[in-house]
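Visitor: Listed below are the residues making up each chain.
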Amino acid sequence: MAKLAPDASSLSAARKLAVPPPWSETGATDTLLWGKCQGSGRTPYQVSIDLTGPAFRCSCPSRKFPCKHALALMLLWVQGGGTIADSSGAADFAAEWAAQRQARTTARQAGAAPTKPVDPEARARRLAERAGLMDAGARELQTWLADLVRGGTAAARQQSYGWWDAAAARLVDAQLPGLAQQVRDLGSEVVARPDWPDHLLRSVGRLWAATHAWLGRDRLDEAELGDLRAFVGWPYATDEIRAGGTVTDRWHVLGARRTEDGRLQQQRTWLWGEQSAQLVQVLDFAAGGQVLPVAQVGGSVLQASMALYPGTRHRRGLFVDEPAAVGRTGVLPAGGDLQAALALAADTWAANPWAGQVPVQLTQVRLADDLAAVDRSGDALALTRDSEPWWLLAVTGGHPVDLFAELVQGRLRPLSVLVDGEYLACA
Amino acid sequence: MPESTEITPDGWWSRLRAAALVGTGRRPVPDITPLGVAGRAGSAEQRALDGAALGAALHRAGRLPARVQAPAAAAAPDRLPVAPPRAVQVLDLLLDQPPAGLGNTEALLRTWLEACAGSGHRVPHVRLPVLLGRGEHATALRQPLRAAIDERGRWLAARNPAWVWALTGGEDVVGEDGDVDPDAWALLPDAERAAALQRLRYRDADRGRELLLGTWATDPAKVRAAHLQALAIGLGTADTDVLESALDDRAGSVRAVAADLLDALPGSPRGSRMAERLRPLLHTTGLLGRGLEVALPDDPDPAAVRDGLGKPPAGRARRGWWLERIVAGAPFEVWGEDPGRVVRRLSQDDALAGLRRAAVRRHDAAWAEALLSTRPDPDLLHLLPAGRREQVVLGLLGATDRALLGPLLAAVPGPWSPDLSEAVVADLARRKHPYGHLDDLPLSRLHLAARPRLERWQARIPESSPTDKALRRSVRNLVQLHSLRETISEAFR
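These protein sequence lines map, in sequence, to chains A and B. 0 is the number of the first residue of the first sequence in numbering that gives the first Met the number 0; add one for each residue after it. 0 is the number of the first residue of the second sequence in numbering that gives the first Met the number 0; add one for each residue after it.
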């Protein structure tokens, strides 16, 4: 419940409201929850909650989402105690809203386009314009990189952050936001990292390779182009993806990670398809006051249909219907030791040079005192700086465990740990 | 410089990095063909960037793991079962979303940990880091944590220097090793000498006294006074001689300390002298000799002044002060009867004050209890055995000022019995509370049985003035606190 709240003050304000007195005309069905809350306004606020989403609607003027009234109604309902009666028919305002949502969802699923017919000519023109901008941006980046290398990496490091930021801004204008982010990150890493001469040169090399790949994209197949588009930051429209066919399978949730980058929150969930034998990542985003969808529980098995984005490894996926939890997995898919994991990563990069973090499954790995992961053969890899080593030590007690982790820049980021048959998501 | 024909990827990369550092305009880019790779022809910048791209790919894919020395030992298996699920739920609540308005969730955490350890359970592993982290600053949590973390927790704590307190038992203990070397002690700074003397008095009172005497002659007055005060620890008849001779000290501060400490030794020569001064002042009055009157003493002779009957503190009448001191120094036997009877018959404030002083100094529970009937005094209450204190406080509640209620209740160790708890709540409900605050009272000791009464009180508080609103909030927080404590204790059953 607490995960739904946008911040702690909303949650505490909601708790204050989660008592019978301000509420009237409350009720619940299997999928819908509604009520009217007397707030500071003249008329009570109408609150509706669609439990299948969850989705919230409230007539109060708050910009927070979900607002404290919606949270309070949820709290009240969860508490039980007869405040909210089950009923067969929903209140008018709630039913109306639910019907509208249903209509929108069905329209989305049926792939019904908005009423405007798509003009193929205009579409092609827009695409060509965009491609032109991106090509120009890529060429400009090549020039910028060549200038950088001519002047020397040491000189580049002396530049202010604004210099990097300006280059990033130009890339954003050229519809290459993924590359722009790389440049911005590089601007801060170059002053922070002690190994900056190597790091800067390598990153510059990778950007150089990306520009060439983009300009020579006609030689790439659809999957390779998919990887590249993810890297440079040209997303596919979700309609397009859904239309491209789905894979129905039992998906094992291996692990998830939430990150926050300024005002944008991202959640990445790794899933293993039993029959299709592929590892897939599902990405969720939330900007501003929005809330990320509740994370899938690690170790659960979901029956769902997934639409996959073009790509080689590891493909991004999208649930086309609501996944149903059908069980729990007691084991991680067979993993290996660190050498095998590194070899797997090398393989992945050979197929997809643009992959960032590579998911790996490790068996019987311990955490050593210097906070590195050690496998049975005595090989070790350091953990990423954002891992929580104390949590891992506490949970494993130094005993070997099976681990699901992301390999990123030569370090491991454990996401899930299997301890005594119990699947734990790393803190 | 001729190029070497043997070139390794590492060597090539170092050269490339160096060239890139100063700029390809200034240093040539190393050729890549010796590595067996066909590079593209092009400008120096293009070749450098191509090399960078290749180097990046090589570096990433060609990584090898490090090797590690002998593996560290894993944790021993735990001895205790993990806390029941409901208890873990409450712990999660306390750690992640502490109930607002209760201020000190630390007290609740402590309650939880004590209940956990007390019922023979351990904390879940996932919570060990955050609990040990809390114990770093909140020292009150340390003792209950030590028991509740079990083997896994101790193994974990051994790995983090910030958590070493979780391993040792007990706080800063007096040094276990043998004697204090007098010469070394004499050379310490003054503050440390006094502290060392105090610690030695705990262990070996006689050695402490000898140590004091060792440097007595040469110590300045302030130091002498501080050291003499240390004799209060482990005070006994063996210290009489030192104190008696200190009554002749040059410095007034030292003499005052000596006189004060001698109040606790009624068997001393000073005690006998005080008895001699007191006896003539006692008169029985009334028809049946029921009243007891104490006359005020005459001006003191030099011996009396030596014994402490000097200038009174500001605001006290001379003779009243002297009477108090005489009564404080004289043995209780002078009064002849049992404490209850004496106190009932006595009405003089100065004499009663003197008796209170004597009772506190001499740790006399019988006199303390008798004197408590005249005035609620937390110091006297501390002298009574813990079991008795509740009874006494029950009788005193009504007569105690609000300001004194806090210290008085603090003297009764928790948890309180249901009777006392209900009486306290009933008493509180009748009083006015400044600013509506109840923080000065140790109400976490209330028995869970008092909760219904608390709730009734809360319901009766009007919402009129800000003070009442604050009081309502205070009581509501109290009810919430107790409800949580109840949940915790039930969760561990």
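Keep in mind that the hints were calculated from the coordinates and are not lab data. Careful, some of the hints might be misleading.
[Unchecked claim] Listed below are several chain A residues computed to face chain B (Cβ distance under 7 Å; list not exhaustive):
| hint | residue |
| --- | --- |
| 1 | 235 |
| 2 | 348 |
| 3 | 350 |
| 4 | 388 |
| 5 | 397 |
[Stated by the list, open to error] Cut-off 25 Å, straight-line C-alpha distance, at most; resulting in silico cross-link-like pairs (SDA-like, lysine to any residue):
| hint | chain 1 | residue 1 | chain 2 | residue 2 |
| --- | --- | --- | --- | --- |
| 6 | B | 468 | A | 16 |
| 7 | A | 15 | B | 482 |
| 8 | B | 310 | B | 247 |
| 9 | B | 468 | B | 456 |
| 10 | A | 15 | B | 189 |
| 11 | B | 468 | B | 410 |
| 12 | B | 468 | A | 261 |
| 13 | A | 15 | B | 104 |
| 14 | B | 221 | A | 154 |
| 15 | A | 15 | B | 458 |
| 16 | B | 468 | A | 96 |
| 17 | A | 15 | B | 437 |
| 18 | A | 35 | A | 96 |
| 19 | B | 468 | A | 20 |
| 20 | B | 221 | B | 247 |
| 21 | B | 221 | B | 189 |
| 22 | A | 15 | B | 430 |
| 23 | A | 15 | B | 362 |
| 24 | A | 15 | B | 451 |
[To be verified] Where chain A lies over chain B, by a calculated footprint (3+ residues, C-beta under 8 Å):
| hint | segment |
| --- | --- |
| 25 | 72–84 |
| 26 | 155–162 |
| 27 | 404–415 |
| 28 | 478–487 |
Glycine residues also receive a C-beta, built at the ideal position from the N, C-alpha and C atoms.
Visitor: The structure should be examined with respect to each hint, and the outcome stated for every one.
Guide: Hint by hint, here is what the structure shows:
1. A distance limit of 7 Å between C-beta atoms decides the matter here; for residue 235 (chain A) the minimum to chain B is near 26 Å, and the interface restraint is violated.
2. Interface hint at residue 348 (chain A): satisfied, since its Cβ lies 5 Å from the closest Cβ of chain B, which is below the 7 Å cut-off.
3. For the restraint placing residue 350 (chain A) at the interface with chain B, the shortest Cβ-Cβ distance is roughly 11 Å, beyond the 7 Å limit, so the hint is violated.
4. About 9 Å separates the beta-carbon of residue 388 (chain A) from the nearest beta-carbon of chain B, more than 7 Å, and the hint is not met.
5. Residue-level restraint check for residue 397 (chain A) holds (minimum Cβ-Cβ distance to chain B is 4 Å; threshold 7 Å).
6. Between residue 468 (chain B) and residue 16 (chain A), the direct Cα distance comes to roughly 18 Å. Compliance with the 25 Å bound is thereby established for this hinted pair.
7. For the hint linking residue 15 (chain A) to residue 482 (chain B), the alpha-carbon distance of about 17 Å falls within 25 Å, and the restraint holds.
8. At most 25 Å may separate the alpha-carbon atoms for a hinted pair to count; residue 310 (chain B) and residue 247 (chain B) meet this at roughly 16 Å.
9. Taken as a hint, the residue 468 (chain B) and residue 456 (chain B) pair is honoured in the structure, with Cα atoms around 13 Å apart against an allowance of 25 Å.
10. At roughly 57 Å between alpha-carbon atoms, residue 15 (chain A) and residue 189 (chain B) are farther apart than 25 Å, so this suggested pair is violated.
11. Distance hint between residue 468 (chain B) and residue 410 (chain B) is unfulfilled; the C-alpha atoms sit about 29 Å from each other, more than 25 Å.
12. Note on residue 468 (chain B) and residue 261 (chain A): the hinted pairing is violated, with a Cα-Cα distance of about 41 Å set against a maximum of 25 Å.
13. Between the alpha carbons of residue 15 (chain A) and residue 104 (chain B) the distance comes to roughly 19 Å, so the proposed pair stays at or under 25 Å and holds.
14. Pair hint residue 221 (chain B) plus residue 154 (chain A) does not hold up; C-alpha atoms about 68 Å apart against a cutoff of 25 Å.
15. Distance restraint check for residue 15 (chain A) and residue 458 (chain B): the Cα-Cα separation of roughly 18 Å lies within the 25 Å cut-off, and the hinted pair is therefore satisfied.
16. With a CA separation close to 41 Å, the supplied pair residue 468 (chain B) and residue 96 (chain A) exceeds the 25 Å bound.
17. For the proposed pair residue 15 (chain A) and residue 437 (chain B), the alpha carbon gap of about 22 Å is at most 25 Å, so the pair holds.
18. Distance restraint check for residue 35 (chain A) and residue 96 (chain A): the Cα-Cα separation of roughly 14 Å lies within the 25 Å cut-off, and the hinted pair is therefore satisfied.
19. Annotation: proposed proximity of residue 468 (chain B) to residue 20 (chain A) holds, straight-line Cα distance about 19 Å (limit 25 Å).
20. Between residue 221 (chain B) and residue 247 (chain B) the alpha-carbon distance is near 16 Å, which keeps this suggested pair within the 25 Å criterion.
21. Distance restraint check for residue 221 (chain B) and residue 189 (chain B): the Cα-Cα separation of roughly 10 Å lies within the 25 Å cut-off, and the hinted pair is therefore satisfied.
22. Taking the CA atoms of residue 15 (chain A) and residue 430 (chain B), the gap is about 29 Å. The hint is violated against a cut of 25 Å.
23. Proposed proximity of residue 15 (chain A) and residue 362 (chain B) is contradicted: the alpha carbons are some 51 Å apart, above 25 Å.
24. A distance of roughly 22 Å separates the Cα atoms of residue 15 (chain A) and residue 451 (chain B); the hinted pair therefore holds under the 25 Å criterion.
25. Remark: the segment 72–84 of chain B is confirmed as covered by chain A, as 3 of its residues place a Cβ nearer than 8 Å to a Cβ of that chain, reaching the required three.
26. A count of 3 residues in the segment 155–162 of chain B with a Cβ less than 8 Å from any Cβ of chain A is obtained; the coverage claim is therefore met, three being the minimum.
27. Coverage of the segment 404–415 of chain B by chain A is violated. Counting CB-CB distances below 8 Å, 0 residues qualify, and the rule asks for three or more.
28. As drawn, the segment 478–487 of chain B meets chain A at 0 residues by the rule of a beta-carbon pair under 8 Å; below three, the given contact is violated.
Against the hints set out earlier in the document, violations occur for numbers 1, 3, 4, 10, 11, 12, 14, 16, 22, 23, 27, 28.
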